[in-house]
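There are 2 protein chains.
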Amino acid sequence: MTGQKGSLDNLSINFATVRQGGTFGEIVDACLRHGISAISPWREHVAAAGLEEAARIVASNGLKVTGHCRGGFFPAPDVAGRRAAIEDNRRAIDEAAALKADCLVMVVGGLPKGSRDIAGARAMVADGMAEILPYARQAGVKLALEPLHPFYAADRACLNTLKQSLDLCDTLGEGVGVAIDVYHVWWDPDLEAQVARAGRNGQIFAHHICDWLVPTTDPLNDRGMMGDGVIDLPRFRRMIEAAGFFGPQEVEIFSHRWQARPVDEVLSVIVERFANVCQPGASPAAA
Amino acid sequence: MTGQKGSLDNLSINFATVRQGGTFGEIVDACLRHGISAISPWREHVAAAGLEEAARIVASNGLKVTGHCRGGFFPAPDVAGRRAAIEDNRRAIDEAAALKADCLVMVVGGLPKGSRDIAGARAMVADGMAEILPYARQAGVKLALEPLHPFYAADRACLNTLKQSLDLCDTLGEGVGVAIDVYHVWWDPDLEAQVARAGRNGQIFAHHICDWLVPTTDPLNDRGMMGDGVIDLPRFRRMIEAAGFFGPQEVEIFSHRWQARPVDEVLSVIVERFANVCQPGASPAAA
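Residue numbers (this note's numbering), protein chains in the order written: chain A, 1 to 287; chain B, 1 to 287.
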């Protein structure tokens, strides 16, 4: 079924979803047991395995790396802090290149400690991106700005809408696009227009999925399994495909509940839900 | 000091901030003890006191009512539910009229139970607003749409940005504006332009204040006291005044912490913070 839409080829597992699963190699093995061969690791997993060994595991298993998590966190209270962030982003670019990742996911950072100047933080992000971009281009690594839900504007990412992120992409030019995570943008009244715009300009680099639970009891670690919340995932995927992106849906679920369950159980549920509630033709069953 | 900007005449207390304070009359007495004569009650306080008695307390003390909380919650799974919401909104309009409130604050509601159709919910809101508007105009009650933080899109309000709310205001016409709460909109990259737009069209009906804490540990009840978080309140107020709104700043703090403290202590802190960190000329001290 290689390449067929809706086949497991189009399902990617972000390691944050199965962080209870152990090492880089162990998580890869778990994915392979379930027929999943696309992954999105975090830097700490890669660092613990060693970059060469991680790249070897990727290559020898023919894995697709839909994203490397993560670069970003540009704003800092002083020049030294901002320089350190640039250096660290260069290392992340090297890693993404070694892993042949589709993109380096950029969680850009929020307000510098002690600051109330969100416009200033946004300027630091633009400056930082401009500074690392030539290096990323040379390495052949695409940078995917990830707008984060406005809940995280202060402490994680001051890019909070797709429009704002695409405006920055347009300023920066070639090699910069967006990672569109349903959790962060599902509420946006401007969503459809901005997804279409991103598609027109070839700026969709990743599509992340999970669900929004009602109620959401923890702002950080209560994301839902696909189908358990209120996001119309089939409609969302139709929008993404109408915009020309047919790459994998990457499952990224930060959740205390799911991280307390065995990895094989989590992956079984994901495979089932991916087939039944995430495909563009799935029926939007009642929440 | 009547009418002077920054005087206590320009400070209003939303009853949610001091709900531990007892009855309508008791909360009013507490405000008056602190020199505060502008209030924004909730419907349950008014209902418990009786509308006539609440209106008598307002009139006999020369209180300004900066808003009546709240109308809205239009979306419902069936016609009967939507009709019930319309009827309930008419009663809220009657109350706002009796209290001579500056506006009826509209928290419009989220997804109907069982729905994943946020566009449909938004259409229900537009329909509901159009239906109650003639009644509100006849009663001389202005309706203030309150865009709520996207965190609440699913369960409280599917209006989530100022732009989206103002677009609806423009469609509805005379008698509809917005309540701008710093907590809900501080993160919006389009904030300044939309506040200016609202001002140009005379659509700013209320300005609510509190602060955004880092970290925010509870999505519902962890709003911060002004000065304890990362919102640049002086800059925000300058934006509001530049747009032509010089009405009171209304303090609305949903917080388990502050609601555990005696009302007089809370009001003392508010009066001090209002003077020192909320005025347009205050220095944006480090967070």
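Among the hints, a few may not be true.
Remember, identical chains collapse to one label, so a pair may be satisfied in a single copy or spanning two.
[As the list claims (entries may be wrong)] Listed next, the in silico SDA-like pairs over lysine to any residue satisfying Cα-Cα at most 20 Å (straight line):
(1) 64 - 9
(2) 163 - 191
(3) 100 - 47
(4) 113 - 60
(5) 113 - 272
(6) 142 - 20
(7) 113 - 228
(8) 142 - 34
(9) 113 - 259
(10) 163 - 151
(11) 113 - 215
(12) 113 - 213
(13) 64 - 239
(14) 100 - 272
(15) 64 - 139
(16) 163 - 119
(17) 64 - 174
(18) 142 - 23
(19) 142 - 98
(20) 113 - 224
Don't read these hints as lab results, they were simulated from the structure.
Here is how each hint holds up against the structure:
1. In this assembly of identical chains, residue 64 and residue 9 lie within 20 Å of each other by CA distance solely inside one copy; the values are 9 Å within and 63 Å between copies.
2. With identical chains, the CA atoms of residue 163 and residue 191 are at most 20 Å apart both within one copy (8 Å) and between copies (14 Å).
3. Proximity of residue 100 to residue 47 under the C-alpha cut-off of 20 Å is restricted to the intra-copy arrangement: shortest distance 16 Å within a copy versus 64 Å between copies.
4. With identical chains, the CA atoms of residue 113 and residue 60 are never at most 20 Å apart, being 43 Å at best within one copy and 48 Å at best between copies.
5. Taking CA atoms no more than 20 Å apart as the test, residue 113 paired with residue 272 passes in neither setting, with 43 Å inside one copy and 25 Å between copies.
6. In the homo-oligomer, the alpha carbons of residue 142 and residue 20 never lie at most 20 Å apart, since the shortest distance is 29 Å inside one protomer and 54 Å across protomers.
7. In this assembly of identical chains, residue 113 and residue 228 lie within 20 Å of each other by CA distance solely across copies; the values are 13 Å between and 36 Å within a copy.
8. In this assembly of identical chains, residue 142 and residue 34 lie within 20 Å of each other by CA distance neither inside one copy nor across copies; the values are 29 Å within and 58 Å between.
9. In this assembly of identical chains, residue 113 and residue 259 lie within 20 Å of each other by CA distance neither inside one copy nor across copies; the values are 30 Å within and 28 Å between.
10. Taking CA atoms no more than 20 Å apart as the test, residue 163 paired with residue 151 passes in both settings, with 17 Å inside one copy and 18 Å between copies.
11. Proximity of residue 113 and residue 215 under a CA criterion of 20 Å is satisfied inter-copy only: 12 Å between copies versus 30 Å inside one chain copy.
12. For the homomeric pair residue 113 and residue 213, the shortest alpha-carbon distance between copies (13 Å) is at most 20 Å, but the shortest distance inside one copy (30 Å) is not.
13. With identical chains, the CA atoms of residue 64 and residue 239 are never at most 20 Å apart, being 23 Å at best within one copy and 48 Å at best between copies.
14. Taking the closest pair of Cα atoms, residue 100 and residue 272 never come within 20 Å of each other, the shortest separation being 28 Å inside a single copy and 57 Å across copies.
15. In this assembly of identical chains, the alpha carbons of residue 64 and residue 139 lie at most 20 Å apart only when taken from the same copy (18 Å versus 63 Å across copies).
16. Both within a single protomer and between protomers do residue 163 and residue 119 lie at most 20 Å apart by alpha-carbon distance, with minima of 16 Å and 18 Å respectively.
17. Neither within a single protomer nor between protomers do residue 64 and residue 174 lie at most 20 Å apart by alpha-carbon distance, with minima of 23 Å and 56 Å respectively.
18. Taking the shortest alpha-carbon separations for residue 142 and residue 23, neither the intra-copy value of 26 Å nor the inter-copy value of 60 Å comes in at or below 20 Å.
19. In this assembly of identical chains, the alpha carbons of residue 142 and residue 98 lie at most 20 Å apart only when taken from the same copy (13 Å versus 61 Å across copies).
20. In this assembly of identical chains, the alpha carbons of residue 113 and residue 224 lie at most 20 Å apart only when taken from different copies (17 Å versus 30 Å within one copy).
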